[in-house]
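**Q** From first to last, the protein sequence lines stand for chains F and W.
For what it's worth, numbering that gives the first Met the number 0 labels the leading residue of the first sequence as 0, then goes sequentially.
For what it's worth, numbering that gives the first Met the number 0 labels the leading residue of the second sequence as 0, then goes sequentially.
Think of the hints as simulated: they come from the structure by calculation, not from any bench.
A virtual CB, placed ideally from N, CA and C, is assigned to each residue, including glycine.
Check each hint, because a few of them may be wrong.
As the list claims (entries may be wrong) - Cβ-Cβ distance ranges computed for the label pairs, FRET-style:
1. W:Phe241 to F:Ala60: 26 to 32 Å
2. W:Thr63 to F:Pro61: 24 to 30 Å
3. W:Leu84 to F:Asn38: 43 to 49 Å
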Amino acid sequence: MRSKLILSVLVLAVACSVYAASSPKKDKAGEAVVTTQDNSEDLRLEGEKRFRANCGRCHAAPHKFPPRMMATIVRHMRVRATITDEDMRLVLLYMTQ
Amino acid sequence: MWGSILRISIAKLWTRPRAALCRLGWTTLLTAILAGAVPKFAWAQLSAAPRPVPILTGSAGYFTVKDNGETELVPEVIPVVLLPLGDRWLVEARGEFKGEFARREDTGNYGGQVENELDYLQVDYIANSHLTVTAGRFLTPFGMYNERIYPIWIRDLQLVPLIFSIGTGSSDGIMFRGGFALNSKVNLNYATYFSTLSTVNKFESDRTTGGRVGLFFTGPRIEVGGSFQKELQEDRKNSFGFHFAWQPTPLPLNLRAEYARSVYGSGYWVEGAYRLGQIPHWNKVMRKTEFVARMQQTFAGEEQPEGDDEYNLPRSNVQQPDFGLNYYIKDGLKVSGSYSRWLGRRNWNTWTIGIAYRFAIPLGRAE
Numbered sequence: 000m001r002s003k004l005i006l007s008v009l010v011l012a013v014a015c016s017v018y019a020a021s022s023p024k025k026d027k028a029g030e031a032v033v034t035t036q037d038n039s040e041d042l043r044l045e046g047e048k049r050f051r052a053n054c055g056r057c058h059a060a061p062h063k064f065p066p067r068m069m070a071t072i073v074r075h076m077r078v079r080a081t082i083t084d085e086d087m088r089l090v091l092l093y094m095t096q
Numbered sequence: 000m001w002g003s004i005l006r007i008s009i010a011k012l013w014t015r016p017r018a019a020l021c022r023l024g025w026t027t028l029l030t031a032i033l034a035g036a037v038p039k040f041a042w043a044q045l046s047a048a049p050r051p052v053p054i055l056t057g058s059a060g061y062f063t064v065k066d067n068g069e070t071e072l073v074p075e076v077i078p079v080v081l082l083p084l085g086d087r088w089l090v091e092a093r094g095e096f097k098g099e100f101a102r103r104e105d106t107g108n109y110g111g112q113v114e115n116e117l118d119y120l121q122v123d124y125i126a127n128s129h130l131t132v133t134a135g136r137f138l139t140p141f142g143m144y145n146e147r148i149y150p151i152w153i154r155d156l157q158l159v160p161l162i163f164s165i166g167t168g169s170s171d172g173i174m175f176r177g178g179f180a181l182n183s184k185v186n187l188n189y190a191t192y193f194s195t196l197s198t199v200n201k202f203e204s205d206r207t208t209g210g211r212v213g214l215f216f217t218g219p220r221i222e223v224g225g226s227f228q229k230e231l232q233e234d235r236k237n238s239f240g241f242h243f244a245w246q247p248t249p250l251p252l253n254l255r256a257e258y259a260r261s262v263y264g265s266g267y268w269v270e271g272a273y274r275l276g277q278i279p280h281w282n283k284v285m286r287k288t289e290f291v292a293r294m295q296q297t298f299a300g301e302e303q304p305e306g307d308d309e310y311n312l313p314r315s316n317v318q319q320p321d322f323g324l325n326y327y328i329k330d331g332l333k334v335s336g337s338y339s340r341w342l343g344r345r346n347w348n349t350w351t352i353g354i355a356y357r358f359a360i361p362l363g364r365a366e
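Here chain F stands alone, though its shape is the one from the complex (with noise of 0.2 Å):
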């Protein structure tokens, strides 16, 4: 029972994890992010809008750090607050523009 228990969470996380990295429609999305927006003005609000939506929930925008270092709180923050890879990337264009 107890391992079932187990078992059945973790192959339940995984199989979200399997549709979400095969769904076609989300790489689409992705992909028309950024060969669609080839204007960094419209990357750097799309960003923005990515900031406000996963870390603005919780804090406000800190001022701006360094690049290597903004490339490591993003990375924390994509673990701590479950956010994607492709917000991860825009987030971090937009707080080291």
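Given the structure of chain F, go ahead and fit chain W onto it with the hints provided.
**A** Chain W in isolation, oriented as in the chain F frame:
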């Protein structure tokens, strides 16, 4: 190969269900991790990003708490070390050094102990865009306060909610977490874990399993979620909870609420934090000022074991309104004050005033 394993496992579901389920589970897990190792479009973009540098960050604060007439001085330092390795790994750790100094009856001087805790010491592997595998000691994903709002520079009121101890704390084991968009309007985030029993000093944890799922509606900026925890030892207790957060777009308002229940008690808190930037007068000051109000209530459950401070819940029904004021002097530096009224078998006031600061120092070349 994976196809044949899957076929055999499914066929054996009827004859040896336990073994087949185990095999299926591990097959799925390995497939997910290997699938994540395939370079994808997103990872190509990452290569253009700046190389992360190790940093020392965290927060420090100094608070004076007057609780039921007794004054306590509470200095605290909460360092966080972040060590990125390659494109996909992160080692992170957070300690907590907290003094609680009260006036001694014999000398009249302030004295007390400094508590030190290891909140987390974990290795994160970013397997793919939607899955991170964490191993080590990590914050238990239950509700939203423990993982997201706990740092003193983030929390709006310095006193943690009365139900904070339900399902939270730290766990030693393995965790799977991530998030993805269900569609253009809804994002899903999840975390699930298994924790082993540990009595090692600073690494104490219970044998538990559980998880949290949240849905974020991007339009109205609302998040709703639920958490569950099953203890796999002693009384095999269950705990569960729900959380809610809303940031209405037109207002500088942050609404949050949590409900949690365990055998030792249950309760909820509802909190609103409003930045006064919309007030036309003294705007330079007002936009840095935040008013906070929280209402919380707990309901006592079964009697807690003596000396068990794991569930530090009130032992009778309690209501507590809290009011606070925060002034953000600059980024990461704020002054906070609050007033709370404990309404239980006896009533009393709790006042807090203090300052909190968030720091970040690169441990290498940052440019």
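**Q** Within 43 to 49 Å: is that where the Cβ-Cβ distance between W:Leu84 and F:Asn38 falls?
**A** Distance hint for W:Leu84, F:Asn38 is violated at roughly 34 Å.
**Q** Does 26 to 32 Å hold as the CB distance between W:Phe241 and F:Ala60, or does it fail?
**A** 28 Å, holds
**Q** Given a hinted range of 24 to 30 Å, is it respected by the beta-carbon distance of W:Thr63 and F:Pro61?
**A** About 27 Å separates the Cβ atoms of W:Thr63 and F:Pro61, which means 24 to 30 Å holds.
The structure fails to meet hint 3 from the earlier list, while all remaining hints are met.
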